[in-house]
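**Q** Single-letter residue listing:
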Amino acid sequence: MTCMLNSFGYFLRETAHSLIHNKFMAIASVLTVTLSMFILGVFLAVVLNMNHMAGYLESQVEMSVYLKDGLTTEQVMGVGQRLKALPDLSDLSFTNKDQAMEEFRERLGDQAAILDAVNGNPLPSSYRLSFSRPDSLKEAAAQVSQYAEVESVQYGQDIIEQLYKVSQAIRVSGIILIVFLAGAELFIISNTIRLTVFARRREIQIMKYVGATNGFIRWPFLFEGMIIGLVGSGIASAVLWELYKVMLNEAAAAGLLFIPFIGIYPFMLHVTLLLLGAGILIGMLGSAISIRKYMKV
Amino acid sequence: MITLEHVYIEYTKTKIALRDINIHVDKGEFVFIVGPSGAGKSTFIKMLTHELVPYKGSVIVNGVEVNKLKKSKVPYYRRKLGIVFQDFRLLQEKTVFENIAFVLRVTGVRGKKEIREKVNRVLDLVNLRNKANAYPAQLSGGEQQRVAIARALVNRPTLLIADEPTGNLDPATSEEIMDLFNNINHMGTTIIMVTHNKDLVNAMHKRVVSIEDGHIVSDVKKGGYDLHA
Ligand SMILES: Nc1ncnc2c1ncn2[C@@H]1O[C@H](COP(=O)(O)OP(=O)(O)OP(=O)(O)O)[C@@H](O)[C@H]1O
Ligand SMILES: [Mg+2]
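Chains as they are written, first to last, in numbering that gives the first Met the number 0: chain A, 0 to 296; chain B, 0 to 228.
Derived by calculation from the structure, the hints in this document are not laboratory data. Worth double-checking, as some hints may not be accurate.
Claimed, not checked - List time: in silico EDC-like cross-link candidates among lysine to aspartate or glutamate, alpha-carbon distance up to 16 Å:
{"id": "1", "chain 1": "B", "residue 1": "K221", "chain 2": "B", "residue 2": "E28"}
{"id": "2", "chain 1": "B", "residue 1": "K72", "chain 2": "B", "residue 2": "E50"}
{"id": "3", "chain 1": "B", "residue 1": "K93", "chain 2": "A", "residue 2": "E202"}
{"id": "4", "chain 1": "B", "residue 1": "K197", "chain 2": "B", "residue 2": "E174"}
{"id": "5", "chain 1": "B", "residue 1": "K93", "chain 2": "A", "residue 2": "E13"}
{"id": "6", "chain 1": "A", "residue 1": "K292", "chain 2": "B", "residue 2": "E50"}
{"id": "7", "chain 1": "A", "residue 1": "K164", "chain 2": "A", "residue 2": "E13"}
{"id": "8", "chain 1": "B", "residue 1": "K70", "chain 2": "B", "residue 2": "E50"}
{"id": "9", "chain 1": "B", "residue 1": "K14", "chain 2": "B", "residue 2": "E211"}
{"id": "10", "chain 1": "A", "residue 1": "K295", "chain 2": "B", "residue 2": "E50"}
{"id": "11", "chain 1": "B", "residue 1": "K55", "chain 2": "B", "residue 2": "D19"}
{"id": "12", "chain 1": "A", "residue 1": "K292", "chain 2": "A", "residue 2": "E202"}
Put together the whole structure using the sequences plus the hints.
**A** Here you go:
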């Protein structure tokens, strides 16, 4: 380690020299890393956002209890009494069939005329319940749906399940893709470094004979791989960051802000750090693979 | 300085290159290693540099048990050796000065002044101070080998090892190089040299060790090339 600190300047000079000498290959591998890190970042952002949405919906603590048609007032009141006794209930309100129709009309706006073609009122009366804890809501939902007077209970469980399912599918295919991309990055970086190592094999041989330590010989090459990985993932992160910002702005402009996207900061910072870390690691590994063969003697 | 006891080296299970080698070399000695092609001379050298490790026997150099050396200690062991090859092995894109300074830099010497002093000292030793800024391609074979010798000496090794250092040189130049080795030896450096150069070996009256087919077949104190035959 002391040798490393002493020689830091030497390593940097050697690395810079070698990158410049080998610039086309270096640029090509930087671009490859950029592309695959970008794809990796997009996947990461999508999966994390979907999980975030599912989690957000799960934390919504409202549910609607739709009642069957033709109940007596006593029965409706009775249900209300039992609902009131549920644990962690924070709010309870009742919507009768007429109010439901009214709300529906309002929501349809211009197209409310189509309701005139409907005979009678098909909408159920309902209780709307709020809970202070999502877990209590789930338990209550299971319990209340068993009531004889209750037609159905809804709290967005379908969409939550859908979201988790899709995000799971994306995650699985994402992991496969990530392994593949990491492999490709490893391959291209190790090939780039292989060229450098090959060009300098005589130097390496002499270093070995005169007693340079393996660490000393290796560091400039490891640096080279690390810098390629770092620059590639740095560009990818910057592009991703900018793109995410644009997407959030577009969503806001299109009035889509009710979708619970993850805020840009510190989310993008974390994604960036992750990509940079992965880039450096893959760069180092790629170099280590290439130089191994020449370290014997 | 060097003590080998019952040393065996193999390349493959069926190819044993050195068999039961026993030899002792004192500090300050000058030893020629001679023998036909394929006898195992280069193998002998590679054992001293820890490129090859015997599967049997013990190799002690400078008080270091080379056959038991840990991998991480090998570089430090090699810093006390000077090694010279038949094909010079200079870096073509570096000047004479830089070729020698390279050795110091890669073994952790950082001071500019220290590097300049040490390089100039060995360049004076081989009488090439005036070529410090030349590139190897601009030098004769003899001059290139002198640069390689200077490089081998810059870390002040106690043992200088050479594998056919005059193999690529004409007789007159070979004689010059041999004189240089002789001078270095007189300054106290132990020298082990593999050579095919009969005339020079005969003229120098140094210790001659003959290897044939992986064996030491003779070891003569003030010998000549053909004495064992
Ligand atoms: N890497 C190797 N793998 C297998 N066998 C080898 C290897 N290197 C050398 N040998 C064999 O070991 C024996 C000794 O080789 P060595 O190079 O020591 O000979 P030498 O005395 O230096 O010959 P020369 O005078 O031609 O340089 C030879 O038979 C050679 O074929
Ligand atoms: Mg040989």
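**Q** Indicate, hint by hint, whether the structure satisfies it.
**A** Cross-check of the supplied hints:
no.: 1; hint: K221/B to E28/B; in the structure: 11 Å, holds
no.: 2; hint: K72/B to E50/B; in the structure: 13 Å, holds
no.: 3; hint: K93/B to E202/A; in the structure: 10 Å, holds
no.: 4; hint: K197/B to E174/B; in the structure: 12 Å, holds
no.: 5; hint: K93/B to E13/A; in the structure: 14 Å, holds
no.: 6; hint: K292/A to E50/B; in the structure: 15 Å, holds
no.: 7; hint: K164/A to E13/A; in the structure: 50 Å, violated
no.: 8; hint: K70/B to E50/B; in the structure: 11 Å, holds
no.: 9; hint: K14/B to E211/B; in the structure: 15 Å, holds
no.: 10; hint: K295/A to E50/B; in the structure: 9 Å, holds
no.: 11; hint: K55/B to D19/B; in the structure: 9 Å, holds
no.: 12; hint: K292/A to E202/A; in the structure: 14 Å, holds
In summary, the one numbered hint that this structure violates is 7.
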